[in-house]
Each structure stands twice: as structure tokens, then as C-alpha cells.
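Visitor: Chains A and B, in that order, are what the protein sequence lines are.
Each residue of the first sequence is one higher than the one before, starting from 1 at the first, in full-length UniProt numbering.
Each residue of the second sequence is one higher than the one before, starting from 1 at the first, in full-length UniProt numbering.
These are computed hints drawn from the structure, not numbers from a lab.
Think of the CB as a built atom: it goes at the ideal place given N, C-alpha and C, for glycine as much as any other residue.
Be a bit skeptical, because a hint or two may be false.
Chain A is faced by these chain B residues, among others (derived, beta-carbon under 10 Å) [unchecked claim]:
| no. | residue |
| --- | --- |
| 1 | TYR11 |
| 2 | VAL15 |
| 3 | ILE17 |
| 4 | ASN158 |
| 5 | ASN516 |
| 6 | PRO522 |
| 7 | ASN535 |
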Amino acid sequence: MNSIQTLADKSQQPSTDVDANSDGINIAYSQTRVHTPDKDLLKRNRIISAFPAGKWLESYRMLRTRCLQTMDAMEWKTLAITSTSTQSGNSLTAANLAISIAMELDRTALLVDANFQNPAISQLFGIKAEVGLSDYLLRDTEISTMLINPGIDRLVILPTGKPMLNSTEMLRSPKMVRLVGELKSRYPSRIIIFDMPPILSHDDTLGFSPYVDCVLLVIEEGHTKTDELKHAAELLKDTNVLGTVFNKATDNKIRFD
Amino acid sequence: MENQTPDIKDYLKIVKIRRKFLIIPFIVIALLSVILAVVLPSVYRSSATILIEEQEIPSELVKSTVTTFADQRIQIISQRIMSRSNLVDIIKKYDLYADDRKTETEEKILEKMRKSIKVETISADVIDPRSGAPTKATIAFSLAFDDESPALAQRVTNELTSLFLKENIKSRTQSAENAAMFLSEEARRLKDKIQQLQTTLAEFKEKNLHQLPEANQLNQQELTSLNNQLLSLDSQERSAQERRFYLEGQLAQIDPNALATNAVGNRVFDMKDRLKELQSQYPSLLARYSDNHPDVLKVKKEIESLQKEIGSNTDLNKLNAELTEKKAELAVLLKQYSEKHPDVVKLQRQVSSLQQAMVESRQSEYANSSLEPDNPAYITLKSQLEAANADLKSLAFTREQIKKKIEELRRNLMQAPLVEKDYMDLVQELNNTNQRYQEVSAREMEAQISQQLEVEKKGERFTLIDPPQEPLEPVSPNRIAILFLGFVLAIAGGFGSVALAEMMDSTIHSEKTIANILGVAPLATIPYLESQQENLALKRRRLLLLMGLSIAGIIAVTVFHFVIMPLDVFWYKLLRVTGTL
Numbered sequence: 001m002n003s004i005q006t007l008a009d010k011s012q013q014p015s016t017d018v019d020a021n022s023d024g025i026n027i028a029y030s031q032t033r034v035h036t037p038d039k040d041l042l043k044r045n046r047i048i049s050a051f052p053a054g055k056w057l058e059s060y061r062m063l064r065t066r067c068l069q070t071m072d073a074m075e076w077k078t079l080a081i082t083s084t085s086t087q088s089g090n091s092l093t094a095a096n097l098a099i100s101i102a103m104e105l106d107r108t109a110l111l112v113d114a115n116f117q118n119p120a121i122s123q124l125f126g127i128k129a130e131v132g133l134s135d136y137l138l139r140d141t142e143i144s145t146m147l148i149n150p151g152i153d154r155l156v157i158l159p160t161g162k163p164m165l166n167s168t169e170m171l172r173s174p175k176m177v178r179l180v181g182e183l184k185s186r187y188p189s190r191i192i193i194f195d196m197p198p199i200l201s202h203d204d205t206l207g208f209s210p211y212v213d214c215v216l217l218v219i220e221e222g223h224t225k226t227d228e229l230k231h232a233a234e235l236l237k238d239t240n241v242l243g244t245v246f247n248k249a250t251d252n253k254i255r256f257d
Numbered sequence: 001m002e003n004q005t006p007d008i009k010d011y012l013k014i015v016k017i018r019r020k021f022l023i024i025p026f027i028v029i030a031l032l033s034v035i036l037a038v039v040l041p042s043v044y045r046s047s048a049t050i051l052i053e054e055q056e057i058p059s060e061l062v063k064s065t066v067t068t069f070a071d072q073r074i075q076i077i078s079q080r081i082m083s084r085s086n087l088v089d090i091i092k093k094y095d096l097y098a099d100d101r102k103t104e105t106e107e108k109i110l111e112k113m114r115k116s117i118k119v120e121t122i123s124a125d126v127i128d129p130r131s132g133a134p135t136k137a138t139i140a141f142s143l144a145f146d147d148e149s150p151a152l153a154q155r156v157t158n159e160l161t162s163l164f165l166k167e168n169i170k171s172r173t174q175s176a177e178n179a180a181m182f183l184s185e186e187a188r189r190l191k192d193k194i195q196q197l198q199t200t201l202a203e204f205k206e207k208n209l210h211q212l213p214e215a216n217q218l219n220q221q222e223l224t225s226l227n228n229q230l231l232s233l234d235s236q237e238r239s240a241q242e243r244r245f246y247l248e249g250q251l252a253q254i255d256p257n258a259l260a261t262n263a264v265g266n267r268v269f270d271m272k273d274r275l276k277e278l279q280s281q282y283p284s285l286l287a288r289y290s291d292n293h294p295d296v297l298k299v300k301k302e303i304e305s306l307q308k309e310i311g312s313n314t315d316l317n318k319l320n321a322e323l324t325e326k327k328a329e330l331a332v333l334l335k336q337y338s339e340k341h342p343d344v345v346k347l348q349r350q351v352s353s354l355q356q357a358m359v360e361s362r363q364s365e366y367a368n369s370s371l372e373p374d375n376p377a378y379i380t381l382k383s384q385l386e387a388a389n390a391d392l393k394s395l396a397f398t399r400e401q402i403k404k405k406i407e408e409l410r411r412n413l414m415q416a417p418l419v420e421k422d423y424m425d426l427v428q429e430l431n432n433t434n435q436r437y438q439e440v441s442a443r444e445m446e447a448q449i450s451q452q453l454e455v456e457k458k459g460e461r462f463t464l465i466d467p468p469q470e471p472l473e474p475v476s477p478n479r480i481a482i483l484f485l486g487f488v489l490a491i492a493g494g495f496g497s498v499a500l501a502e503m504m505d506s507t508i509h510s511e512k513t514i515a516n517i518l519g520v521a522p523l524a525t526i527p528y529l530e531s532q533q534e535n536l537a538l539k540r541r542r543l544l545l546l547m548g549l550s551i552a553g554i555i556a557v558t559v560f561h562f563v564i565m566p567l568d569v570f571w572y573k574l575l576r577v578t579g580t581l
């Protein structure tokens, strides 16, 4: 399966060409850095690509399929993933959803780490990224130079880069809006996933939500409170909410070695 | 969304998540109940049953003076038995509550003992002989004492029972005695009163003997008869008076002195007549002759001797009449003649001599003596007159007497109503007192019989039918009940704490909650992926917990061993408890 994916990727790669437009956005894969992470690290970090097919994987696939069905029907391309509070498995859900989307042979996924408060995507994949989204927003660094392929076909990661103080303002800046639009329109079958900070503790998500097509809320069992959920639902009532993910369900715990 | 109410699976999940809240309280409570069930000291109860026997002699024949109900008496006696001094004596005698006495106050120990003593009455349905209605009657009662030692329980119960029986007899006898004593005292008092009243009445009667109502009729009869007597007296008096007048008339016509004649036919003068004659001759002799004339002397001598003989010279009346006559003659002569006329002088001499004679006769002692009448007719009439006079006198006296008597009777009759009132009052009081005395003495007799009844123990009495035994089985605590209750409480506590934890915890635990809040079920549920490290950490945590628990348990057991009771004892008790299960 891996070999087939690689083949497919290779066959697709040449078609993606360097394309610098007026905004100086270059999102061609040709320059994408490929980082092959350590399999043990992935496994420790619960990245699904490190696991054999199983029940746990299936639940992500279910999530993927349901998300894609709705998004396809509504012709949505961008998805912001948030939660009510930290430690809910927000970033992990984003990463695993992106991977499972990338598993579809006809789709590509872009995972954008927009959590400036607590960037976690790079850590999950074990990537050492010096530059990222903040560099593009502050210093107009080429997007193409920042993109990283974590050794998974049809998946590209955009890290956060350096920490920003005014992250909300930057996320709402025209530059960012333009970037989102550009990313959306570049490939018809590309899904862009933004990993966002918790909706209740930071206003980043709330501020940025109008610029994405839909929002996915991660709920953690035994951690998310009903009041928080009600509050979050209240805040997101004008936004397209794709749905919720019930994370870390203890009903059927799965152990791994 | 379609099934919003929680079902059994959700509850199971809640329990599973919060099993700590279930298990810890359960274990703690269950353990406590086990310890409680084993450690609680056994209490043994020894009890005695005392029958209340009715009096042997039917109550129609002999009435008891003890009239309180049996339950009431039992209550009274138990109050007496449970008095402070009694209980303190028993505690000292049997050395009860030896441990408690070192620390607790006497009041608390007494309270504890009172709680340990139980008096329960046993009733039966009976039919009231008087009203015929079914009622409850106390036929027996049980007396029990609880203690941790069975032998002690029996001994104390024994003591209490005998106290109870003794107290009953004592109180009954005392009560009967008191009644008898009171009644005899009352009888004595009434008797005294009666005596006093009788004395008063006697005095009263004596004082008002004739005014008494009983004497009224008699008085009236007597009054009537006296009146009759008075009437007859009047007629008698009249006739006596008539007789007297007649006799007086007769007497006036008869000379008291009948003229006696001697053999020659001359009138025989008695000495008195001779004296009278001489005395009448003497003044004319004096007028004619001088004093020394022999005739004068002779007459004078004769007069003197006669006077001596008779003892009286002359009749004064006669002298007086003669004097008056002479004075009248003198007055007539003085009209005709001068004082020198010899007749006048003669008369004057006669008058003066008469006067002299009167003076002399008055001076002489024998002036009054008169001559005895010697006319038999006169004497007869005279005596008849005297008899009539005496009759009259006696009649007058009798009349006076009768009048006095009548007066007295009238007074008595007038006063009778006043006396009657006081008399009746006295009599009434005496009667009342007598009646009361009779009643009281009848009762006194009854009370004495009743007292005898009590003395001979023939009245209602308490009979010990079931003497206290040494109990073999403890009466409390009910260890099985404690265990069962503890178990139930443990479960309830466990589930209660789970429910409480669930209520306090507002975090989301199921997709259903999300569906309830948002109206949409989650797109997907990602199970928890537990890594090996986490698994290991969990295991280590559990191990640590177990170790901690066992250390705590060992400490608890040690503390239990040294503070509460040695473990071997506990084990022995535990075996006994499980043996009873």
C-alpha cells in the first residue's frame, strides 16, 4: 500500500509546478521539503500512519468520510479544528484527520498549524521547523520554502514559525485572507485544515472563523464541561459548524505497545 | 437524540467510571459494620414473670381496702424500686458497671441501670363482671434486667424480683393498716363526741326538766287538774265559811260559863267570879271607907289571895267598860252637881281607883289569863268553830299552793317552745353522730377484716411463676441485623457517593450528552488510545495504592488490636458471629 501511494505521489509530483503569482505565494510541491519522521516517535505521538489498520484507525476514517461528505456537498475546502480548552487532543485530531484525508487517492491535504499560542503539529511529526506561517505574515517569506512533507503522500504541513504577539490581528489580516483564498483555489481536490487554539481561552479561532468554510469542535471525554460546550456552541452559532468529535472516549479503550 | 433519557448502559458506565466512589465507601462502611457487629458487647437479659393473683375470698364477702388497679400499683412499686438509694444499693451489692463507675457520674450510671430494667405488663382480654363489657386486664407482668454478664443479670433480676414482691406486700399491708387505723381513730373520735353530746343533753334536761317537750302534756294535764282542784277548793271554802258564820252566831248566844249551883241551891261562885265580885265591891268599899277599914283590908286580902290563886286579877275589858261607864256617869253628874258633891267625889274616886286597877292589871303578868269556859255546849260549838277556822286556814294554804303551782306550770308551758328548739338540736346532733358512729364502726370492722386479709396474704398477691434464669443467648445486639444493615448502608453509601460525584461533575462523558446539548450527535467517536507507558503508570499507581491501603490496613489492625480489643478475641467473636449466621 505504501509503495502504491509513493508511486501515485511520484506520478503526481511532476505535474505540480512552481508557480509564483503576484502575491508571491508559491505553493508548489516541487520545493517541498520532505521530512521522514521516526516511526517510533509517530507511534508515541499517536499519529495514525504509524499504526496498522485497526479499530482506532477506523474511527478516524469514519470521521474523515463524514467530514468529506458534508464538505463536498457544501463545496467547502477549508476546515478549522478547535476545542473548548487545551489538552483536548485538538492538534492530534487535526493531524490524524489530515493524514486520513491524504489517504484518499484523489485528494491532497494541507495541514496549517494556526495555533500560535501552543504550536503542536511540528512536535507531533518530529519536525524541526524554523520558519512558518508567522514568517510569511511578518516577513513575506515564501510559502513554498516552509512547506514540509512528513513522509506521507499528498500531505503537506505548514508550521507556525516564530511566536507572534498579535496573532489574532495577523490571522485577520488581508494577507492571511488572501493566503487562504489562494490555498483554496490552487487545487480543486485539496482540503486545508487549520489547527486552531481553544475557542474559549483565545479569540484567535473566533476571529478567524469567518475566513474558513467550516469549524470542527473537538470534545474530550471527562474533560470538556457541559457549560463550556454550551458556551462554545453559543459563540459559533453564526459559523458553519461541520460537527463535533468525541475524543478520548473511554468506552472502548485501545491499548498499544 | 432519539433516546435522550439515560438508560442502564449509561448508569453502568457512570458506575464504571466512578467505581472508586462506589468501592471505597462500600468497603469502609461494610468494614465498620463488621467491626461494630463483632465488637459490640453482648447483652444478656434475665427475666422473671410474676402473676397477679386475685384474692382468694370473693370480693363480695370481703372487700380489700387496696383498690388501685394492678398496673398502677406495678408502676408505683417500680418507681419505688428504681429510686436512687435502692439502685445504688444494688449497684454496690453486685458491683455493677465497675468500669463505668470509675469514669462516669452516678447520675449517668443510674440512668443506664434504669434503662436496663424493664417492667412489662401482660394483659388478657376479660369480661368486666359488673358492666359485661370486654376489657383488658393485667394478669401478670415480667421484670427483666439486661447486663453484659448473664450471671449478673440473673442475680440482679432475682434481687429486683424479691424487692418487688416485698414492696408489694409492704405497701398493701401498710395501706390496709392505714385504712384500719384511720377508721378506728375516726370511730374513737365519734365516740368521744357522742359521750360529750350525751353529757350536754343530760345537763340540759336536768336544767330544763319541766320545760321539756315530753313534760308538756303532763304539765297541761296537771294544770287542768289543778284548776279543777281550785274550783272544788272554792266550793269547800264557801261551805266552811258558811259553817263558821253559823257557829259564830250560835256561839254568841251561849254563855261560856254555865251557872253551877251547889246543893243548897246557891250559886257556887268559882274563884274567878268571887274575884270579879270582890273587885267590883272593892272600889265601892274604898269609896265608903278608908283604906284601913277592916272590911277594906279584908276584901283587899281576899282579892290578893284570889289573884294569887287564879294568876290574873281581872278582865281588862270589863274594867275598861266599867271605867268608861263610870266616866260617863261622872260626866252626867258633873253637869248637875259641883265637884264637891259627894256623888261626884265618890264617882271620881271610883274612876281613879279603876284607873289604878287598870294600871295595876296591866302591870301584872297574869292579865290575860281568862277563865276556862265550862259550858259544854259552848265548848262543843267553840271547838266546831275552831275546826271550821282551821279548815279555812288549810284551804287558804292549799289554794295558795295550787296557785303557785299553776303559775309555775304556766311559766313552764310558755317557755317550752324555746327550750324545745335547743333540745331538738341537741337530740338531732346526737342522733346524727350516733348514725355516723355506727357507719364508721361498721367500716372499721371491714377494714380490720381487710387488714387481716392482707396479713394472712389472702388478698390479691404477686406470685413468682417464672423465676429469673441465667440467660444462655444474648438478647442484643442483633449482629445479623447490624451486618445486614451495614451491608445495605454500604451499598447505599457507595451508590449515593457515586450519584453525588456524578451530580457534582459537569464534564461530558457520552455522545448522548453532546447530542442533548447541541441537538446533533458527534461526527465520530475516537476511542482513547492508551500507550504502554500510561498503562504501566496506571499499574504502578494501582500497586502504590494497594500498598498504601495494606499499610493503612495493617496500622488500623494494630491500632484496633491495642486500643479496642485484641485480635484473637476479635477473631473468636467473629467466628461466633459467623456461627450464628
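Visitor: Take the hints in turn and mark each one as holding or not.
Guide: So, going through the hints one by one against the coordinates:
1. Interface restraint check for B:TYR11: the shortest CB-CB distance to chain A comes to about 14 Å, outside 10 Å, so the restraint is violated.
2. Given hint, B:VAL15 at the interface with chain A, is violated; its Cβ is 13 Å from that chain's nearest Cβ, farther than 10 Å.
3. The beta carbon of B:ILE17 is positioned within 10 Å of a beta carbon in chain A (closest approach about 7 Å), and the interface hint is therefore held.
4. Taking 10 Å as the C-beta cut-off, the interface hint given for B:ASN158 is violated, the closest approach to chain A being about 68 Å.
5. With a least beta-carbon distance of about 9 Å to chain A, the hint placing B:ASN516 at the interface is held under the 10 Å criterion.
6. Taken as an interface hint, B:PRO522 checks out: its beta carbon lies about 4 Å from the nearest beta carbon of chain A, inside 10 Å.
7. A least Cβ separation of about 6 Å between B:ASN535 and chain A falls short of the 10 Å threshold, and the interface hint therefore holds.
The structure is inconsistent with the numbered hints 1, 2, 4, although it conforms to all the rest.
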